[in-house]
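A.B. asks: Residue numbers (the numbering used here), protein chains in the order written: chain L, 13 to 435; chain R, 19 to 206.
By construction, these hints were calculated from the structure, which means they are not laboratory data.
One thing to keep in mind: the hints can contain errors.
The list that follows gives simulated cross-link-like pairs (lysine-lysine, BS3-like), each with its CA atoms no further than 25 Å apart [claimed, not checked]:
#, chain 1, residue 1, chain 2, residue 2
1, R, Lys202, R, Lys155
2, R, Lys43, L, Lys256
3, R, Lys38, L, Lys256
4, R, Lys116, R, Lys131
5, R, Lys116, R, Lys127
6, R, Lys204, R, Lys127
7, R, Lys131, R, Lys202
8, R, Lys131, R, Lys204
9, R, Lys43, L, Lys41
Here's a subset of chain L near chain R, in silico, CB distances under 8 Å, partners left out [what the hints assert, rightly or not]:
#, residue
10, Gly73
11, Met78
12, Tyr80
13, Asn99
14, Arg125
Because the structure is a prediction, the values reported are computed rather than measured.
No residue lacks a Cβ here, since even glycine has one placed at the ideal position from N, Cα and C.
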Amino acid sequence: MPGLHKSEFTNPVVNWIDTRLPVFTMLTKEYAVFPTPRNFNYFWNFGALAMINLMIMIATGIFLAMNYTPNTLMAFDSVERIMRDVNYGWLLRYVHANGASMFFVVVYIHMFRSLYYGSYKAPRELLWMLGVVILLLMMATAFMGYVLPWGQMSYWGATVITNLFSAIPLVGDSIVTFLWGGFSVDNATLNRFFSLHYLLPFVITGVVFLHIVALHITGSNNPLGIDPKGPQDTLPFHPYYTIKDSVGIGVYLIVFAVLVFFAPNFLGHVDNYVPANPLVTPADVVPEWYFLPFYAILRSVPSKLGGVTLMFGAIAVLFVLPWLDTSPIRSARFRPIYRQLIFVLVAAIIVLGMVGGHPPQGIWVVLGRIATAYYFLHFLVILPLLGKLERPLPLPESISSPVIRKGGGPLPYGAAAAPMEKN
Amino acid sequence: MSASTHDAPMGAPHGEDIGKRDFLKLIAGAGAAVGLGALAWPLIDSMNPSSDVLALSSVELDIAPIPEGSGITIVWRGKPIFVRHRTAAEIKSARDVKLTELTEPAADKDRVKAGHEAWLVVIGICTHLGCVPLGNKPTDSRGDFGGWLCPCHGSQYDTSGRVRRGPAPINLPLPPYAFTSDTKIKIG
Ligand code: HEM
Ligand code: FES
Numbered sequence: 013m014p015g016l017h018k019s020e021f022t023n024p025v026v027n028w029i030d031t032r033l034p035v036f037t038m039l040t041k042e043y044a045v046f047p048t049p050r051n052f053n054y055f056w057n058f059g060a061l062a063m064i065n066l067m068i069m070i071a072t073g074i075f076l077a078m079n080y081t082p083n084t085l086m087a088f089d090s091v092e093r094i095m096r097d098v099n100y101g102w103l104l105r106y107v108h109a110n111g112a113s114m115f116f117v118v119v120y121i122h123m124f125r126s127l128y129y130g131s132y133k134a135p136r137e138l139l140w141m142l143g144v145v146i147l148l149l150m151m152a153t154a155f156m157g158y159v160l161p162w163g164q165m166s167y168w169g170a171t172v173i174t175n176l177f178s179a180i181p182l183v184g185d186s187i188v189t190f191l192w193g194g195f196s197v198d199n200a201t202l203n204r205f206f207s208l209h210y211l212l213p214f215v216i217t218g219v220v221f222l223h224i225v226a227l228h229i230t231g232s233n234n235p236l237g238i239d240p241k242g243p244q245d246t247l248p249f250h251p252y253y254t255i256k257d258s259v260g261i262g263v264y265l266i267v268f269a270v271l272v273f274f275a276p277n278f279l280g281h282v283d284n285y286v287p288a289n290p291l292v293t294p295a296d297v298v299p300e301w302y303f304l305p306f307y308a309i310l311r312s313v314p315s316k317l318g319g320v321t322l323m324f325g326a327i328a329v330l331f332v333l334p335w336l337d338t339s340p341i342r343s344a345r346f347r348p349i350y351r352q353l354i355f356v357l358v359a360a361i362i363v364l365g366m367v368g369g370h371p372p373q374g375i376w377v378v379l380g381r382i383a384t385a386y387y388f389l390h391f392l393v394i395l396p397l398l399g400k401l402e403r404p405l406p407l408p409e410s411i412s413s414p415v416i417r418k419g420g421g422p423l424p425y426g427a428a429a430a431p432m433e434k435n
Numbered sequence: 019m020s021a022s023t024h025d026a027p028m029g030a031p032h033g034e035d036i037g038k039r040d041f042l043k044l045i046a047g048a049g050a051a052v053g054l055g056a057l058a059w060p061l062i063d064s065m066n067p068s069s070d071v072l073a074l075s076s077v078e079l080d081i082a083p084i085p086e087g088s089g090i091t092i093v094w095r096g097k098p099i100f101v102r103h104r105t106a107a108e109i110k111s112a113r114d115v116k117l118t119e120l121t122e123p124a125a126d127k128d129r130v131k132a133g134h135e136a137w138l139v140v141i142g143i144c145t146h147l148g149c150v151p152l153g154n155k156p157t158d159s160r161g162d163f164g165g166w167l168c169p170c171h172g173s174q175y176d177t178s179g180r181v182r183r184g185p186a187p188i189n190l191p192l193p194p195y196a197f198t199s200d201t202k203i204k205i206g
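Using the sequences plus the hints, can you model the full thing?
C.D. replies: Below, the structure written as structure tokens:
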């Protein structure tokens, strides 16, 4: 019979389904026997962690939405009711709020991994670009989610961020009015933010699916950045990496639980426990920590349009990164100069994060400008030139070749963990 | 572990190893299942009635203003409660009927509080499919038995709230309540 799949499953029910809809064959192929480089380190856990995190966000979000009211008169109280009266409401809310922070920690490390090991280079450019799309969607989702409790930070964050678009010449003001659905952030704004905040995670899920499809076409990169040359260089995904991922998930859940149960408001702002007041702006309006570096870039330019352009530019350069980096060598292990400069970049981003958290005065302005300049210098000048000037170390012959055992050198673990702790 | 050596599949290499692995797999799987259950419970329990909903679970009512022969509807836990001040004739008709004639036999004296026979307090939700029967407003039809008449599918209730005709299977249920004084009741 044409079209029917020849299933190898012996269980008759599974076989019957698989013949007509080969999902079991697909799952086995993509997740069980999928040949995976044998030399992954724990940095390769973070994609799976991001996936778990996305599931946690969607699950807690759906149950929060059952008790949340998207109306300016009731939103704040409905959130307080979730905290006090709904069974485990406090847990749902703290997991969701801190889950957003965990998500950015995980994704930022995931991205650092891609930068350090050159995972964005051919043939994985599209995989990387889909990742940047996910990052943008995550930022939009997190921003709109933060508006929902309708506290002071919600309100003024929404006001400031939507006003960014007013920097656009000519049509800016009309766009902002359109975004608000009125002449200030108000009920119409809150309603649409709730609708979109519910929608976007499912859009993210769709893009993550494409991200994984693209990954399974190119196969994973690995700490050496060289392609597997045969079966001796790979392992079946299950059980080797399902187990390795499980270890990471355990550690991740411990960190998550410590945050939720012992410091649930550590990353939040007290001002958001004050109901929104359109007539009084809190003394220092700052975004959530994961936006601080971008916020710092925005403020370091003394021009409205310039600041907004640079802030969006900071993400735009990531889209074209695969073409900015001219070096054919993927892994930083074999790029002695890049290997140091990538940490200068991380340091610049951490400085930007600190600058974003302080009022733009005195030394912070200077630091912000230097770090902003370095950020763009790294992507727009250093990377294109470095590929031509740097002399890479000799690459090992293959992943399994014993030479690398000595030549590879240990991973800079301490340094790599720094971005997470500093932020 | 020698027992597990014998349990291992026939012809499997390193039988003892396989026994250990099966055991570890089982423990890990069971651990993960328990963990997932523990994670799922707060989500599920959040759908149960919350504290503020449970806090609404009792209401007090002053029944003195209700004249003989009429009834009122009040809300308890979001449900209508009928409080009816019965006339002597209504009480008599409720007590005279033979229990064998009833769909769900129940004596009138068991459906009211001793010493307060004039007062009938029932949950005003038709036991068929949940409509609110008519009969509390003076203009309402009370059906052939002087109690309530359900507008949805015609179930009729008598002056003791017992179903007498129609598709409803059982009598109007009684809410938990008590007289806190001669003219006050507390429901819930
Ligand atoms: C919702 C957020 C995300 C999820 C759920 C997710 C999921 C995954 C998963 C499961 C993998 C394979 C495992 C791994 O290599 O770690 C992966 C790989 C990858 N991701 Fe993501 N990701 C997310 C966001 C991002 C972002 C924001 C970027 C970068 C801008 C990105 C770039 C990449 C790249 C380049 C790879 C291939 C890595 C390699 O093969 O070495 N991802 N992602
Ligand atoms: S619901 Fe009352 S008779 Fe059907």
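A.B. asks: Holds or violated: the hint that L/Asn99 contacts chain R, with Cβ atoms closer than 8 Å.
C.D. replies: holds (4 Å)
A.B. asks: Are the Cα atoms of R/Lys131 and R/Lys204 separated by 25 Å or less?
C.D. replies: holds (13 Å)
A.B. asks: Given a cut of 8 Å on the nearest C-beta pair, is the interface hint for L/Met78 held or broken against chain R?
C.D. replies: holds (7 Å)
A.B. asks: Check whether the Cα positions of R/Lys38 and L/Lys256 lie no farther apart than 25 Å.
C.D. replies: holds (20 Å)
A.B. asks: Is the hinted pair R/Lys116 and R/Lys127 satisfied, with a Cα-Cα distance of at most 25 Å?
C.D. replies: holds (13 Å)
A.B. asks: Given L/Arg125 was flagged as interface, is its beta-carbon under 8 Å from a beta-carbon of chain R?
C.D. replies: violated (26 Å)
A.B. asks: Quick one, is the L/Tyr80 hint okay against chain R at 8 Å, beta carbons?
C.D. replies: The hint is violated - L/Tyr80 has no Cβ within 8 Å of chain R, the shortest such distance being about 12 Å.
A.B. asks: Does the structure keep R/Lys43 and L/Lys41 at a Cα separation of 25 Å or less?
C.D. replies: holds (22 Å)
A.B. asks: Taking the closest Cβ pair, is L/Gly73 under 8 Å from chain R?
C.D. replies: Because about 11 Å separates L/Gly73 from the closest Cβ in chain R, which is outside the 8 Å limit, the hint is violated.
A.B. asks: Checking one constraint from the list: CA of R/Lys204 to CA of R/Lys127, max 25 Å. Satisfied?
C.D. replies: holds (20 Å)
A.B. asks: Take the C-alpha atoms of R/Lys43 and L/Lys256, compute the straight-line distance between them, and say whether it is at most 25 Å.
C.D. replies: holds (15 Å)
A.B. asks: What's the verdict on R/Lys131 and R/Lys202, does the C-alpha distance respect the 25 Å limit or exceed it?
C.D. replies: holds (13 Å)
Consistency note: the structure conflicts with the earlier hints numbered 10, 12, 14.
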